[in-house]
Amino acid sequence: MTTQPKTITLTGAQLAVRLLERQGVRIVSGIPGGAILPFYDALSQSQAIRHVLARHEQGAGFIAQGMTRATGVPAVCLASSGPGATNLLTAIADAKLDSIPIVAITGQVPQSMIGTDAFQEVDTYGLTIPITKHNFMVSSAHELLEVIPRAFRLALSGRPGPVLVDIPKDVQVQSIELPADESAWPAPGVADPLPEVPAEPLAIAAEMINGAQRPLLYLGGGVVHSGASLLATALAEKASLPTVMTLMALGAMPVDHPLSLSMLGMHAARCTNLALEECDLLIAVGARFDDRATGKLSQFCPQAKIIHVDIDPSELDKLKAAHVGLHGDVGQVLKGLLPLVKPVIREEWLGRVAQLKRDFPLVMPKVEDSRSHYGLVKAVADALDDSAAIATDVGQHQMWVAQAYPLRRPRQWLTSGGLGTMGFGVPAALGAALAEPERTVVCFTGDGSLLMNIQEFATLAEEEANVKVVLMNNASLGLVYQQQTLFYGERTFASKYKGIPDFMALAKAFGLDAVDLDEAADDAGARAMLGEALNRRGPCLIHVSIDVAEKVFPMVPPGAANKEMIG
Amino acid sequence: MNASTQSERQALACTVVELDVNNHAGVMSHVVGLFSRRAYNVEGIVVLPQGDGATSRIWLQVNEDARLEQMIKQVEKLEDVLAVRRHGNQHPVFERLEEFTRA
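Line order of the protein sequences matches chains Z and L.
Counting along the first sequence from 1, when you hit position 557 you're at 557 in this note's numbering, and nothing is skipped either side.
Counting along the second sequence from 1, when you hit position 10 you're at 10 in this note's numbering, and nothing is skipped either side.
To be clear, the hints were calculated from the coordinates, so they are not data collected in a lab.
Where hints are given, some of them may not hold.
Said to hold, decoys possible - Some chain Z residues well away from chain L (every beta-carbon gap over 12 Å; in silico):
(1) Lys318
(2) Met452
(3) Phe553
Claimed, not checked - When the alpha-carbon atoms are kept at most 30 Å apart in a straight line, the in silico DSS-like pairs for lysine-lysine are as follows:
(4) Z/Lys498 x L/Lys73
(5) Z/Lys238 x L/Lys73
(6) Z/Lys563 x Z/Lys238
(7) Z/Lys318 x L/Lys73
Remember, predicted model here, so these are calculated numbers, not experimental data.
Note that CB positions come from ideal geometry on N, CA and C, so glycine has one too.
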């Protein structure tokens, strides 16, 4: 007696949800709407996936980013067609520039109506071509079987990045027969095998490191993505390499490690940019020579030969020609380099770097005052340990935190680097808190950035997420105000707010706890309030007024060489 | 009169890039978008499906400038691009096509 092969009937929506479950997705964020309602209907039946209802699709996108940045595991955001999809765009573009592997799923009008200017129709596929690593328009329920695993594989493989899957409503409701035995389905998507590290350039690179007098290690976000932080630190220690980090790499080596020179570039300490001036070999690892890091490129590391390691071959020689370009996974390359590099203590060079650190340290005025810009960053760090995750929005506060917070582990630091998106902080911090609920997540923000996604306070309260929003309120767009003051003849324009919301009342209206450090009697009182707020579980706004005259210094004027630091 | 054909003029500064790609509705957009968003003009373009139509071949005629190396690396990264070949400044596809474009 033979039994017929068993099949099951699923709609496209049910299949898509099942594929996400199989992929290991447990939390998704999004907002439903007409064109994605069949998917939401299927999602409502999932026992495995929890949906977090954002208040704006951009918030949903950044919640997914926060989950991904904190863990490295691709997270999913959802939006309907038309405005739902266009609202996601900024969060997707942000993920592209920082190489964050999120998967966005959008509903689309039925295929029969595509191109007719149907209600809430927009060309999501066309709009997302330049801001995704890859995107799909799904034309049948069957295709989902291949497309969903592929979306995750692509997001994770090589240089990570966002992938979008646009699913027309008729595809979501289409019923298809599939093998009941899911092992007959395509397997969940995983990252492609890593490329082989080429032996010859590896040997040349090792020789260059061994022969250099003043080598410097330059770590980028790729070190974090590759999970290669410990290897990078090991290489630095073995070969006596003073190490600079990009904004994206902060924490890849503890920023207070003896070999660390912390962040390079526009707002680096003087000693950091001056060491780059003097180095004779620059070892760029998972970094892309971004203009905020290099300043005027032709004058960046003028004496140095360059070794450039990157998983993305198009980054090699893109902006700066490398003497040795190594295409490969940062971790694999570092693993290959370590045994080839001679253990050495470069007394003279380390002595010179130590001298630079002594002579040109980062100057942090008023750091002892917990209610000043640098002082607040330090006071927060003093009240927490390294398990805390630190998110920021974009602006002066972001740079003060990047300069002053003792970031000591990879994925501790969540910040919008490449796109520099104001409004990133709160939803990204929420995402991090959802992915790792045991952590305290701090979101440093400014009054300008906070208002750009403040609606997510409602989500924060609803989820009771352990996020502490530290608001540096200077009633202005501080970094714009600073640039106008320094470079536009003090013609400050459109950068001061005349109407200032009552942020304390606003937080409370959303259901958040709120403390105002301005009201503390003295510094000790403020520190006590701060410590109590940070260590009491649940979402909280911590408000501090900051003088608008405070600046992020040093600063390399835009377009200038890194040695031309002011302030 | 020193007459020169269109192809001879183009030969001075042009190069031809030949791509094998998957054949579906979004592929052309992906490819030409890489060029247009860098303000890099595509001078000529020919596309024809191959075999059973699952794949297509695209010939792009572009000006040879300093950005071309980077462009080709970017094209190679596209998921739907299966192979990239670079030709010199002349290619019979465009030479033969020329008779259709003569006024």
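Quick rundown of the hints versus the structure:
| no. | hint | result |
| --- | --- | --- |
| 1 | Lys318 | violated, 6 Å |
| 2 | Met452 | holds, 25 Å |
| 3 | Phe553 | holds, 35 Å |
| 4 | Z/Lys498 x L/Lys73 | violated, 49 Å |
| 5 | Z/Lys238 x L/Lys73 | violated, 34 Å |
| 6 | Z/Lys563 x Z/Lys238 | holds, 29 Å |
| 7 | Z/Lys318 x L/Lys73 | holds, 10 Å |
When the structure is compared with the earlier hints, violations turn up for hints 1, 4, 5 and for no others.
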